[in-house]
Amino acid sequence: MIKEYCVWYQTGAGGYIVSWLIQVALDPSTLTKALAVFPMEINQDYSKWKKWEATPPTVAVLSNSFYPATADKINRDTTIRETLTKLSNGGQFFWDLVHCRIKYYLVNFIFQSGNITVQKFEQLKQSDEWQKLHCQDHIKQQSDLLFDPDRNIFVIAPDRYIELSALVKNLYVTTSNLAQILTQEFPHLKTFDLMSIWSNCWIQELEKIINRPLSKQQQEACELLINRYNMVMPPLIRNFCYEN
Amino acid sequence: MKIKIGFTTKKSVLEHPIVSISVNNVLVIPELELDACGSADDPSAEIQYVTIDSDIRDDQIENHCIRVTGLNLFDKYKVAGDFGVQIRYIELGPVNLDYFTKDLIAYNPIQDLAYVTNYLEPEQRTHELVYIEGKQVHRTQGEYADYINLQDGFIELHFCTPLYQWLLSHDFGHLTRSLLSNF
Numbered sequence: 003m004i005k006e007y008c009v010w011y012q013t014g015a016g017g018y019i020v021s022w023l024i025q026v027a028l029d030p031s032t033l034t035k036a037l038a039v040f041p042m043e044i045n046q047d048y049s050k051w052k053k054w055e056a057t058p059p060t061v062a063v064l065s066n067s068f069y070p071a072t073a074d075k076i077n078r079d080t081t082i083r084e085t086l087t088k089l090s091n092g093g094q095f096f097w098d099l100v101h102c103r104i105k106y107y108l109v110n111f112i113f114q115s116g117n118i119t120v121q122k123f124e125q126l127k128q129s130d131e132w133q134k135l136h137c138q139d140h141i142k143q144q145s146d147l148l149f150d151p152d153r154n155i156f157v158i159a160p161d162r163y164i165e166l167s168a169l170v171k172n173l174y175v176t177t178s179n180l181a182q183i184l185t186q187e188f189p190h191l192k193t194f195d196l197m198s199i200w201s202n203c204w205i206q207e208l209e210k211i212i213n214r215p216l217s218k219q220q221q222e223a224c225e226l227l228i229n230r231y232n233m234v235m236p237p238l239i240r241n242f243c244y245e246n
Numbered sequence: 143m144k145i146k147i148g149f150t151t152k153k154s155v156l157e158h159p160i161v162s163i164s165v166n167n168v169l170v171i172p173e174l175e176l177d178a179c180g181s182a183d184d185p186s187a188e189i190q191y192v193t194i195d196s197d198i199r200d201d202q203i204e205n206h207c208i209r210v211t212g213l214n215l216f217d218k219y220k221v222a223g224d225f226g227v228q229i230r231y232i233e234l235g236p237v238n239l240d241y242f243t244k245d246l247i248a249y250n251p252i253q254d255l256a257y258v259t260n261y262l263e264p265e266q267r268t269h270e271l272v273y274i275e276g277k278q279v280h281r282t283q284g285e286y287a288d289y290i291n292l293q294d295g296f297i298e299l300h301f302c303t304p305l306y307q308w309l310l311s312h313d314f315g316h317l318t319r320s321l322l323s324n325f
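Top to bottom, those sequences are chains A and B.
Quick note on my numbering: the first sequence kicks off at 3 and runs consecutively.
Quick note on my numbering: the second sequence kicks off at 143 and runs consecutively.
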């Protein structure tokens, strides 16, 4: 499984829709898989949104990796800067952003989802992929993509969108100045503005990421995915997106 | 291997708590005055860091223990829990434990039974009392056992090298736990 890009996001910021949009833009034949991640059943209970999460085949995701889980005890903006600086400096060593390397490998290669049940986790600990965790060279090789600025995309979403996601999907989220830090201090890194989906700028956002124009087929496939996403979005968030 | 420890304090009558630090039973810092750190109550408090050049090697299979001991945490006027030293940050070589697991063990020797009656009993935590060398000690363990507030209280971190294998043996701590769900 070779990953072409990695989408970094904060909980509730739309990381999965962005990663699948990029996936479908790269390969429209994956649309069916993408739609399965956003089934109509989501409408029945938004708190179980994560149940359908699955990582795209060639686009990786990485959530909440800018600061530790004990984020209440640290200055988040400082660790965001440290993370983005280390990412920009090449990742020569295994220990560079080792927590990101490990999470990247766990989520995208072993769990293939952003969350997993305890039972499934115990099963996967017996898998060959888990055994490969013993080999640092393997983890480094698989995760070196994290240090290629052209292949990492950072999702930017309004604080209000993230707050509403937390409210509706029963998530715990933290706020930071990620968007400001990215745009002002790390302009060489690629971003995806989540709100471009509702301001009809998403084609340009995707073309900026994959460095080529989208074909009609690619655009149509992405549009079908966006339509589905709009259908399963909690009304509170959908209203916010259209109003803003 | 470099060991970096970050402290905050709760200040009461005593302005600057003093601690000692030992690594594998060797006293490496006999007295460290914590005079440049902010309040343990403040999430964005200034952290006072100390870096130790230890002779621990990551390419050897060994068990290790870091111990931080409070040297002047006696203040008869203090209220339990209202004074003391907090370990807020630990870095072992290239690993910031905040991302993985900071399984600390805190030992606070009981000097005054009021600590038990006024603090541990109401909170139903008397099962955390143990006897060490004939002395009654309040022992706590886990991510938040990062605080000592009684004289001769100490905090220990036990870990193993190679560090990566140690992290793997703990399933990478809360890095993995944050991914577990009920769905």
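There could be a bad hint or two in this list.
[Stated by the list, open to error] Straight-line Cα separation of at most 20 Å, SDA-like style, residue types lysine to any residue; simulated pairs: (1) A:Lys127 / B:Leu213; (2) A:Lys52 / A:Ile4; (3) A:Lys50 / B:Lys153; (4) A:Lys127 / B:Lys153; (5) A:Lys52 / B:Asp183; (6) A:Lys122 / B:Thr318; (7) A:Lys5 / A:Ala168; (8) A:Lys88 / B:Pro236; (9) A:Lys52 / B:Leu213; (10) A:Lys210 / A:Val234; (11) B:Lys153 / B:Ser196; (12) A:Lys53 / A:Lys210; (13) A:Lys53 / A:Ser201.
Calculated from the structure, these hints are not laboratory results.
Source: prediction; values computed, not measured.
Hints, verified against the model:
no. : hint                : result
1   : A:Lys127 / B:Leu213 : 44 Å, violated
2   : A:Lys52 / A:Ile4    : 24 Å, violated
3   : A:Lys50 / B:Lys153  : 45 Å, violated
4   : A:Lys127 / B:Lys153 : 46 Å, violated
5   : A:Lys52 / B:Asp183  : 34 Å, violated
6   : A:Lys122 / B:Thr318 : 13 Å, holds
7   : A:Lys5 / A:Ala168   : 29 Å, violated
8   : A:Lys88 / B:Pro236  : 13 Å, holds
9   : A:Lys52 / B:Leu213  : 49 Å, violated
10  : A:Lys210 / A:Val234 : 27 Å, violated
11  : B:Lys153 / B:Ser196 : 30 Å, violated
12  : A:Lys53 / A:Lys210  : 31 Å, violated
13  : A:Lys53 / A:Ser201  : 28 Å, violated
Hint violations for this structure: numbers 1, 2, 3, 4, 5, 7, 9, 10, 11, 12, 13, all remaining hints satisfied.
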